[in-house]
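Participant: Line order of the protein sequences matches chains S and Y.
For the first sequence, our numbering gives the first residue as 1, with consecutive numbering after it.
For the second sequence, our numbering gives the first residue as 624, with consecutive numbering after it.
Honestly, I wouldn't trust all of these hints.
[To be verified] Straight-line Cα separation of at most 35 Å, DSBU-like style, residue types lysine-lysine; simulated pairs:
(1) Y/Lys-673 with Y/Lys-722
(2) Y/Lys-673 with Y/Lys-822
(3) Y/Lys-875 with S/Lys-554
(4) Y/Lys-875 with S/Lys-380
(5) S/Lys-304 with Y/Lys-875
(6) S/Lys-359 with Y/Lys-693
(7) Y/Lys-875 with S/Lys-284
(8) S/Lys-284 with Y/Lys-673
(9) Y/Lys-822 with S/Lys-284
[As the list claims (entries may be wrong)] Between beta-carbon pairs, the in silico distance windows are:
(10) Y/Arg-884 with S/Lys-334: 48 to 54 Å
(11) S/Gln-549 with Y/Asp-746: 24 to 30 Å
(12) S/Leu-551 with Y/Gln-719: 54 to 60 Å
(13) Y/Ala-863 with S/Ser-290: 43 to 49 Å
(14) Y/Gly-691 with S/Glu-379: 47 to 53 Å
(15) S/Glu-610 with Y/Pro-656: 43 to 49 Å
(16) S/Glu-330 with Y/Ala-863: 49 to 55 Å
[Said to hold, decoys possible] Over the 12 Å line for every Cβ pair with chain S, so calculated as not near, a few chain Y residues:
(17) Pro-639
(18) Gln-655
(19) Ile-663
(20) Gly-670
(21) Ser-696
(22) Asp-736
(23) Arg-792
(24) Leu-828
(25) Glu-830
(26) Asp-866
If you are wondering where the hints come from, they were derived from the structure by calculation, not from laboratory data.
Idealized CB from N, CA, C, for every residue including glycine.
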Amino acid sequence: MELLQYRNLYVLPYQPLSLASTVFVRRALEHIRPGSMHDVVALPYPVNAKQLFMERLAELPDHPTAMVSEDANGRRCLVPVFVHEPPVEAARFAMEHGVEIAYIGGHVAMKREEEIRYELPVEAGLLGVIGVKPWMDIIRPWLREPGYDVRDRYDLAKMAELCKAFDRVVMPVHVQDLDQLKSLLDDLLSLPSDRRFDRSGQPYTISVADPKGTELYPHYMGPMPGLSSLYEEMRAAGRAAEYDPHTALVRTAMNMVERDPELRTPIEAHRTFQLLIDRTLATKGVTQLSLAEVLELACLAYGKPFSDRLHRQLLTYRESAPRVIIHFTEEERKNLRFDNIAWPPHKFLMSRLRRRIHKLVDEQPVLERRSHVMRGSLEKGIDVRATMRAAFLGDDRLCVRAHDRTTQVVDDNEPIVMLFPQRDLDPRHAQFCSTWVGQTRGSEQYTGVWQYCTSSDRRVQNGYLVRQHFNLGMVVFCDPLLHLDRLKESYRSGDEMRNRVPIRRLKDPVLCDLEEKEVRGAIGWMEALFTGAFHYAQKAIVVMLPQGQVLPAKVNEWATRSGKGVILVDAGCLTNYEASDLRYSDYSIQGPHLPQKDDRNDVGYLLDLEERFRDLIVLGGNT
Amino acid sequence: MPTSLDLPTKGPIHDPLVIEHQGLRIRLAPDQPLRPKRLIGRTKETGLIKLAWDVNIATEEVWQVLPGRKPMSIKLEGAPGMGKNALIEHCASKLQGYKFYSIAGHEQLEPEDLILSIVPSLDADKRFELHASPLLTALLTPRSIFFFDEINRVPERSLSMLSSLLDHRRAMYSGLVSKWFTAATRNPGDFIFCAALNKDGARALPEYIDQRLLPTITVGRPSREEMMAIVQGACATDDALMDRFFTWYIAKGADRTASVRQCLLLLEMAKRDTETSMDDLARSFMSDGNP
Numbered sequence: 001m002e003l004l005q006y007r008n009l010y011v012l013p014y015q016p017l018s019l020a021s022t023v024f025v026r027r028a029l030e031h032i033r034p035g036s037m038h039d040v041v042a043l044p045y046p047v048n049a050k051q052l053f054m055e056r057l058a059e060l061p062d063h064p065t066a067m068v069s070e071d072a073n074g075r076r077c078l079v080p081v082f083v084h085e086p087p088v089e090a091a092r093f094a095m096e097h098g099v100e101i102a103y104i105g106g107h108v109a110m111k112r113e114e115e116i117r118y119e120l121p122v123e124a125g126l127l128g129v130i131g132v133k134p135w136m137d138i139i140r141p142w143l144r145e146p147g148y149d150v151r152d153r154y155d156l157a158k159m160a161e162l163c164k165a166f167d168r169v170v171m172p173v174h175v176q177d178l179d180q181l182k183s184l185l186d187d188l189l190s191l192p193s194d195r196r197f198d199r200s201g202q203p204y205t206i207s208v209a210d211p212k213g214t215e216l217y218p219h220y221m222g223p224m225p226g227l228s229s230l231y232e233e234m235r236a237a238g239r240a241a242e243y244d245p246h247t248a249l250v251r252t253a254m255n256m257v258e259r260d261p262e263l264r265t266p267i268e269a270h271r272t273f274q275l276l277i278d279r280t281l282a283t284k285g286v287t288q289l290s291l292a293e294v295l296e297l298a299c300l301a302y303g304k305p306f307s308d309r310l311h312r313q314l315l316t317y318r319e320s321a322p323r324v325i326i327h328f329t330e331e332e333r334k335n336l337r338f339d340n341i342a343w344p345p346h347k348f349l350m351s352r353l354r355r356r357i358h359k360l361v362d363e364q365p366v367l368e369r370r371s372h373v374m375r376g377s378l379e380k381g382i383d384v385r386a387t388m389r390a391a392f393l394g395d396d397r398l399c400v401r402a403h404d405r406t407t408q409v410v411d412d413n414e415p416i417v418m419l420f421p422q423r424d425l426d427p428r429h430a431q432f433c434s435t436w437v438g439q440t441r442g443s444e445q446y447t448g449v450w451q452y453c454t455s456s457d458r459r460v461q462n463g464y465l466v467r468q469h470f471n472l473g474m475v476v477f478c479d480p481l482l483h484l485d486r487l488k489e490s491y492r493s494g495d496e497m498r499n500r501v502p503i504r505r506l507k508d509p510v511l512c513d514l515e516e517k518e519v520r521g522a523i524g525w526m527e528a529l530f531t532g533a534f535h536y537a538q539k540a541i542v543v544m545l546p547q548g549q550v551l552p553a554k555v556n557e558w559a560t561r562s563g564k565g566v567i568l569v570d571a572g573c574l575t576n577y578e579a580s581d582l583r584y585s586d587y588s589i590q591g592p593h594l595p596q597k598d599d600r601n602d603v604g605y606l607l608d609l610e611e612r613f614r615d616l617i618v619l620g621g622n623t
Numbered sequence: 624m625p626t627s628l629d630l631p632t633k634g635p636i637h638d639p640l641v642i643e644h645q646g647l648r649i650r651l652a653p654d655q656p657l658r659p660k661r662l663i664g665r666t667k668e669t670g671l672i673k674l675a676w677d678v679n680i681a682t683e684e685v686w687q688v689l690p691g692r693k694p695m696s697i698k699l700e701g702a703p704g705m706g707k708n709a710l711i712e713h714c715a716s717k718l719q720g721y722k723f724y725s726i727a728g729h730e731q732l733e734p735e736d737l738i739l740s741i742v743p744s745l746d747a748d749k750r751f752e753l754h755a756s757p758l759l760t761a762l763l764t765p766r767s768i769f770f771f772d773e774i775n776r777v778p779e780r781s782l783s784m785l786s787s788l789l790d791h792r793r794a795m796y797s798g799l800v801s802k803w804f805t806a807a808t809r810n811p812g813d814f815i816f817c818a819a820l821n822k823d824g825a826r827a828l829p830e831y832i833d834q835r836l837l838p839t840i841t842v843g844r845p846s847r848e849e850m851m852a853i854v855q856g857a858c859a860t861d862d863a864l865m866d867r868f869f870t871w872y873i874a875k876g877a878d879r880t881a882s883v884r885q886c887l888l889l890l891e892m893a894k895r896d897t898e899t900s901m902d903d904l905a906r907s908f909m910s911d912g913n914p
């Protein structure tokens, strides 16, 4: 990137709300090194914005703000005080180095009441907060319509004065203003120029897209808050000029892995991510990737779950608590009721894994030892006892041992017990809870999943409490995602279902009794879970243990006591992400909800819940 | 009785598939001829494969791996019948001058099946022959693509052979002949490895293999429009059959459940049997008529 110079005027072309541009401005300033007394940084903001702008600048990086104003003639002005806004970087640099700041923007009235403070300053999050149309109204001043006049935007007379009064004037200029500005500079500055306006090094190729095209909006807003955070960290360490937006993406991913060892992401994935970014930039011939493109590449390199987490990370600015507004219409608001709802995607995950585990059990080969008369192959060796037995009966042929692979068929309705690693959880702080299925109001309510977990109330926002459950163990009695009618179809009769699925946890005598015993200390939580599972099993329970862990010896005792079997499934059937999600993505949302439909798992209701609360979980949940 | 395997290493070679390598006479596996056929949809996936292989697009029909560029070892993930093989074969056919080799993974696949196996010779004056697997053949052949289908069905002890192949070493060790086999040329673009797997009902790949097979490209269900184009390709002139099929397809919500393979099979059956309803035909190979 090169800066443009017109005698003692240094023009720093920038693309607004662009971190890449901000870094360029920073590097250019470090190259020019404007000093106190003799140099000035000219900002493209109206002079009456000075007081408000300086106040807000002092609040950076913690509280990004945007100010918008419109005068009587319909001229509008936007002053985004974001860390990724290039003129803001110029102003911050000037303040830190004692360089004077001048305001040469068009004179649009800027009043305190017109200030807008955004707690989540970027892209999808901001659009979610204020909506697309208001946001477009705000950024329209930056989207230069054809036929605009830069004289409305810059006080060129003031610029000429500055050029005479100071040794050097450094001015960030909107990249789309450059052409018009160039033709005006000769006339307005009326200075003997020993160096023509140099356009040879124009650093940007700007395609002026239709401002009305919705595709443009997120691209125009460019940066991701997570990257701005990273830039701010480097800035604080005095390494702002070294910041590279594309390396920063990989750095963000690496930071996530450092913070959360559960992710266990290989170095190779980071390398692949970096390569994919480089190749995409080269193939498309662009300098910046959109958030959607970044997430797609992350999905290729790391997989979908990691990409989802990266999405959260990239939308998180300085780990601040984002405010998420849950939208309800006026009519809906009248009907809101307090409720505690399990997060539907986790139900979906449980349902999917339950099916997968049962399928695995059915496909799991069972080796049966048998022996037969040798037919040419020694197979697993001579069966001495069988050979001797045959010889005794007059048959002098050799018998050999063999293994037959057969598969076992286990009823798909047998309960599944899952145990999780306990390394960072304290069972003393854990308690029982459940996810129930069936009629919302009525007697047919069943416990789908019964779990023993610790909980953490992560955020309280907008009257909602997002509770995250960290599971130590759980019993899956039935598919927690099914509508009651479909659930009933899985059993031969209503009686069979009642025998194999407990009714709602706090009403079921067996579960209540076990929980009460556990609270008294008469039995442990694991014994309670297993005993409950054995009680509702027909012939056997399926147990999935963490990798590398063996079945506790006591389980065999409990199995013998109940007269039922235990079938082990290797946790290797789950990917790291699935295992991690199973354990850590179990949320419930307490707060005002729309009244439930007749069935707890009404598909429309679950989809609506996910749609409304996705941001709350993504932004307010565990990162 | 001989105490060693008495491997033949001398005498003239008449067969083009037989090579001399590190003093061994090895019979290579034949390559799999690819007939380029039109791929409907899958533009996103094809684009991602181009990106991962870092190919230079001479024309839409001819891709070139530039010298010195290293194609990534991709893995395709998706349910059965989604067209993973077709996608790879389509992309492989565009790489001019590349030979295509593949293996279908299964639980009984032994390490020697992936490198070098010793088999009795049909030739009267030889006792044994060394047969290179399609993977070793691809490794020893400049400009080749190897496709490992159903890779997660293979036992881990066999997969472990791949660890040295998929990293910077680009080599495999055969315990049978105690030799390392390295890639035919130093140009990383001369050997492309790719794999496909279906996660449901099979084990996850061991982590050390999984992380060597990146990026992961998911091959999902085709959209309704893509399915329509596929079906049109299969029965272009039969409007009545198309109507029958799509009535069933929409009524059953098959766009969310049926694979392309199942739909094409159903169409093929419906072509031959015009009396039986689509529902009944579907029931004959899909549980409850629902895919």
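Participant: Against the earlier hints, flag every one the structure doesn't satisfy and list their numbers going up.
Facilitator: 3, 4, 6, 7, 11, 20, 21, 24 and 25
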